[in-house]
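Peer 1: So the chains spell out like this:
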Amino acid sequence: DSGVTQTPKHLITATGQRVTLRCSPRSGDLSVYWYQQSLDQGLQFLIQYYNGEERAKGNILERFSAQQFPDLHSELNLSSLELGDSALYFCASSGVATGAGGGSYNEQFFGPGTRLTVL
Amino acid sequence: SQQGEEDPQALSIQEGENATMNCSYKTSINNLQWYRQNSGRGLVHLILIRSNEREKHSGRLRVTLDTSKKSSSLLITASRAADTASYFCATDELFRGMRFGAGTRLTVKP
Numbered sequence: 001d002s003g004v005t006q007t008p009k010h011l012i013t014a015t016g017q018r019v020t021l022r023c024s025p026r027s028g029d030l031s032v033y034w035y036q037q038s039l040d041q042g043l044q045f046l047i048q049y050y051n052g053e054e055r056a057k058g059n060i061l062e063r064f065s066a067q068q069f070p071d072l073h074s075e076l077n078l079s080s081l082e083l084g085d086s087a088l089y090f091c092a093s094s095g096v097a098t099g100a101g102g103g104s105y106n107e108q109f110f111g112p113g114t115r116l117t118v119l
Numbered sequence: 001s002q003q004g005e006e007d008p009q010a011l012s013i014q015e016g017e018n019a020t021m022n023c024s025y026k027t028s029i030n031n032l033q034w035y036r037q038n039s040g041r042g043l044v045h046l047i048l049i050r051s052n053e054r055e056k057h058s059g060r061l062r063v064t065l066d067t068s069k070k071s072s073s074l075l076i077t078a079s080r081a082a083d084t085a086s087y088f089c090a091t092d093e094l095f096r097g098m099r100f101g102a103g104t105r106l107t108v109k110p
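So the sequence lines, in the order shown, correspond to chains A and B.
Numbering (the working numbering) for the first sequence: 1 to 119.
Numbering (the working numbering) for the second sequence: 1 to 110.
If you're looking for bench data, these hints aren't it; they were derived computationally from the structure.
A couple of the hints might just be wrong.
The list that follows gives simulated cross-link-like pairs (lysine-lysine, BS3-like), each with its CA atoms no further than 30 Å apart [as the list claims (entries may be wrong)]:
{"id": "1", "chain 1": "B", "residue 1": "Lys69", "chain 2": "A", "residue 2": "Lys57"}
{"id": "2", "chain 1": "A", "residue 1": "Lys57", "chain 2": "B", "residue 2": "Lys109"}
{"id": "3", "chain 1": "B", "residue 1": "Lys56", "chain 2": "B", "residue 2": "Lys26"}
{"id": "4", "chain 1": "A", "residue 1": "Lys57", "chain 2": "B", "residue 2": "Lys70"}
Please model the complete structure; the sequences and the hints are all you need to start from.
Peer 2: Okay, here's the thing in structure tokens:
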């Protein structure tokens with residue numbers, strides 16, 4: 001158990017609908033990341049938030065948006081859903097880990113994912 | 001687009017054999033990480049190697065990095081059936097997030 005929780009586990013909806021995925025990071029982690037994993041696109045980084053602020057942006061569609069709340073949980077909103085949005089959506093969180101020899105790096109802890117099916 | 005590209009895409013070996021997976025990347029990096037994913041589940045961090053390191057060991061895992069060739073390899077020695085999973089390399093780009101390769105699907109037959 002990574003300590004990152006995601007809800008719901010499964011979501012089935014229709015094209016054109018809007019859904020919200022929720023993520024609670026590990027206790028103490030300030031960064032939250034969202035990823036989409038589909039068979040044809042692989043694992044794609046969508047967006048990162050750090051302590052409530054957007055920190056990095058990847059291949060996130062304009063129909064998708066995210067936010068991180070003061071309690072550090074995050075929500076990913078997907079709207080005007082299309083069949084191609086069917087995928088596993090992962091949330092990850094990180095603090096900063098110190099590697100051997102000093103310095104810091106960004107080990108991410110992944111949640112179990114939300115499987116979205118758009119019919 | 002994928003930053004890292006793993007090869008092979010799939011690898012099937014017998015228990016006890018060694019498994020080697022390779023990863024290539026395109027941009028300059030500070031570090032490269034390897035993650036493992038069991039089917040349909042979240043990724044688990046395995047090991048990190050910094051750009052100024054050439055080799056790193058962790059248990060049965062050995063990672064190498066060749067920055068001149070922009071490539072890395074992950075070796076799993078004395079494989080077990082429980083090692084069956086997909087393995088991804090990932091690079092961390094400032095303000096652009098973590099970029100994962102397409103992964104190598106490893107099957108270890110008992």
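Peer 1: Take a quick look at whether Lys57 (chain A) and Lys109 (chain B) sit within 30 Å of each other, Cα to Cα.
Peer 2: violated, 40 Å
Peer 1: Given the hint that Lys57 (chain A) pairs with Lys70 (chain B), test it: the Cα-Cα distance must not exceed 30 Å.
Peer 2: Cα-Cα ~24 Å, so holds.
Peer 1: Measure nothing beyond the straight line between the CA atoms of Lys69 (chain B) and Lys57 (chain A); if it is 30 Å or shorter, mark the hint as holding.
Peer 2: This hinted pair holds, its Cα atoms lying about 28 Å apart.
Peer 1: Taking 30 Å as the top limit, are the C-alpha atoms of Lys56 (chain B) and Lys26 (chain B) close enough?
Peer 2: holds, 21 Å
Consistency note: the structure conflicts with earlier hint 2 alone.
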